[in-house]
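J.: Listed here are the chains, written in short residue letters.
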Amino acid sequence: MSHLLREHAPITEAGWKLLDSEAEERLKPALAARRLVDFAGPHGWEHSATKLGRTDELESAGEEVGARQRRVLPLVELRAPFTVPRSELEDADRGAEDVDLGGLDQAARRIAGAENSAVFHGLSGAGIAGISEASPHDPITLGEDCERYPTHVAKAVDSLRAVGIDAPYGLALGPEAHTRVLETSEHGGYPMLEHLRKILGGPIVWAPAVQGGAVVSMRGGDFLFESGQDLSIGYESHDAETVQLYLEESFNFLAATPEAAVALSP
Amino acid sequence: MGFDQYHEPASELPDEIRTFARLCASLTEEAEAIGWYEQRISVEPDREARAIMRDAQGEEFKHFSMDLEFLLRRTPLWREIAEGILFQEGDIVEHGEEAEEEATEEEAARGAPLAGSESLGIGSLRGSAP
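Chains A and B supply the protein sequences, listed in that same order. Those letters in the first sequence? Residues 1 to 266, by the working numbering. Those letters in the second sequence? Residues 1001 to 1130, by the working numbering.
Hint data in this document are derived by calculation from the structure and do not stem from the laboratory. All C-beta atoms, glycine included, are put in the ideal place defined by N, C-alpha and C. A couple of the hints might just be wrong.
[As the list claims (entries may be wrong)] Every beta carbon over 12 angstroms from chain A, so not counted as near; a handful from chain B, in silico:
(1) 1006
(2) 1044
(3) 1046
(4) 1048
(5) 1057
(6) 1070
(7) 1088
(8) 1089
(9) 1095
(10) 1096
(11) 1118
(12) 1119
[As the list claims (entries may be wrong)] Simulated restraints, written as ranges between beta carbons of each label pair:
(13) B/1074 - A/158: 45 to 53 angstroms
(14) A/176 - B/1089: 54 to 62 angstroms
(15) B/1090 - A/21: 40 to 48 angstroms
(16) A/94 - B/1074: 50 to 58 angstroms
[To be verified] Rough simulated footprint, nothing fancy, chain B against chain A, three-plus residues with beta-carbon under 8 angstroms:
(17) 2-10
(18) 68-75
(19) 125-133
Please work from the sequences and hints to get the whole structure.
T.: Okay, here's the thing in structure tokens:
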């Protein structure tokens, strides 16, 4: 039995299938970082740290004996709890199609947002530097005038080319900016989305919980998301009315080439 | 005629699985024949007889290799692991462990959960539709 303790939950096999599939359906559209950066793993729940290949010098360990200590970046665990009414699970077993899994949906949004935020804005307590804060380029302000977005994105692409970072590039946009892009057609009716895609040569990604956005190199090898345990549902407890569950993952994020992205502030 | 290569009722198996099972059985037979010839050659005192058996064993090498290539082409994960082991210098067991880990991780990153894992198997979403 894994630490998720799923076998202890009063949930049938069909119930677990429903929960897993609902979680996957809600999480996939919101996991913006995974659409842009390299993904390694999953290495399993036991995986605790990412090797950095660097060392810290220690005081001598003995007469004429040098000592160094390896530096590693410990993985972060994210957990988003939620509650499912047992009556809803029972209805699902009877074949109900309109099962209310609102708690799960909200937890999926929360944990996907936290993952995006860690990758783009960092998680200082965990030593994770996000793409936006690690970038040495001056951030470009997006503003509310969407007609100016192609100029901003082209400027970001130019900054990347200037330091030898080649195409393709991807664009992560926070929900507000993304909606503006979707709603906008330029003079002549050409969709803004298509114009931006042509500049980037890569995807435009809806990124919940991201402030502004970022233009990111997608040539590979620049940004690494290392997964320990990939997103899973685990069991916490239950009573006569409800089952308490959680969404959980462990991961790390490394900006190996911080200059391979340009931050876009809101 | 024996149907020992089927572990499950043949009528319930899809065509491609039956073909796969036939080639697995064929691979086993070729490997056995290679082993038998090796034993026969080692005890045969007649030089001409030994030469004939060596020639026959060469046929089995060819058949074994063709069977193996067919099976690897139909099984990407097996092929990926084999690529890390076959024709490599160095420690075979080490290569085996590394190849298995890399191949299963890559498969997991493409969305397949690790063996025994209860995760949602989301992995990388690069290249997937928005």
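J.: Next step is simple, just say for each hint if it's right about the structure.
T.: Hint check results:
1. Even its closest Cβ contact with chain A, about 28 angstroms, leaves residue 1006 of chain B beyond 12 angstroms, as expected for a residue assigned away from the interface.
2. Separation of residue 1044 of chain B from chain A is adequate, the least Cβ-Cβ distance of about 53 angstroms exceeding the 12 angstroms criterion.
3. Distance check for residue 1046 of chain B against chain A: the nearest CB is about 58 angstroms away, which clears 12 angstroms, and the non-interface claim stands.
4. Residue 1048 of chain B, annotated as away from the interface, keeps every beta carbon of chain A farther than 12 angstroms; the closest lies near 58 angstroms.
5. Every Cβ of chain A is farther than 12 angstroms from the Cβ of residue 1057 of chain B; the closest lies at roughly 44 angstroms, confirming the non-interface assignment.
6. Residue placement check: residue 1070 of chain B keeps its beta carbon more than 12 angstroms from all beta carbons of chain A (closest about 32 angstroms).
7. Once the 12 angstroms rule is applied to beta carbons, residue 1088 of chain B is consistent with being away from chain A; the minimum gap is 23 angstroms.
8. Taking the minimum C-beta to C-beta distance to chain A, about 25 angstroms, the non-interface status of residue 1089 of chain B holds against the 12 angstroms cut.
9. Interface exclusion of residue 1095 of chain B from chain A stands, the closest Cβ pair being 20 angstroms apart, more than 12 angstroms.
10. Every CB of chain A is more than 12 angstroms from the CB of residue 1096 of chain B (nearest about 19 angstroms), matching its label as outside the interface.
11. Non-interface status of residue 1118 of chain B relative to chain A is broken: a Cβ of that chain comes within 12 angstroms, the nearest being about 6 angstroms off.
12. With a cut of 12 angstroms on Cβ distances, residue 1119 of chain B falls inside the contact zone with chain A, its closest approach being about 4 angstroms.
13. Restraint check, residue 1074 of chain B to residue 158 of chain A: a C-beta distance of roughly 48 angstroms satisfies the suggested window 45 to 53 angstroms.
14. Checked against the given bound of 54 to 62 angstroms, the beta carbons of residue 176 of chain A and residue 1089 of chain B, roughly 56 angstroms apart, stay inside it.
15. Evaluation of the 40 to 48 angstroms hint for residue 1090 of chain B and residue 21 of chain A yields a pass: the beta carbon distance comes to about 44 angstroms.
16. Between residue 94 of chain A and residue 1074 of chain B the beta carbons are some 42 angstroms apart, a value that contradicts the proposed interval 50 to 58 angstroms.
17. A stretch counts as covered by a chain when three or more of its residues have a beta carbon under 8 angstroms from one of that chain; for the segment 2-10 of chain A and chain B the count is 3, and the coverage holds.
18. For a cut-off of 8 angstroms, the count of residues in the segment 68-75 of chain A with a CB near a CB of chain B stands at 0, and the three-residue condition is violated.
19. Remark: the segment 125-133 of chain A is not confirmed as covered by chain B, as 0 of its residues place a Cβ nearer than 8 angstroms to a Cβ of that chain, below the required three.
Hints 11, 12, 16, 18, 19 from the list above are not met by this structure, while the remaining hints are.
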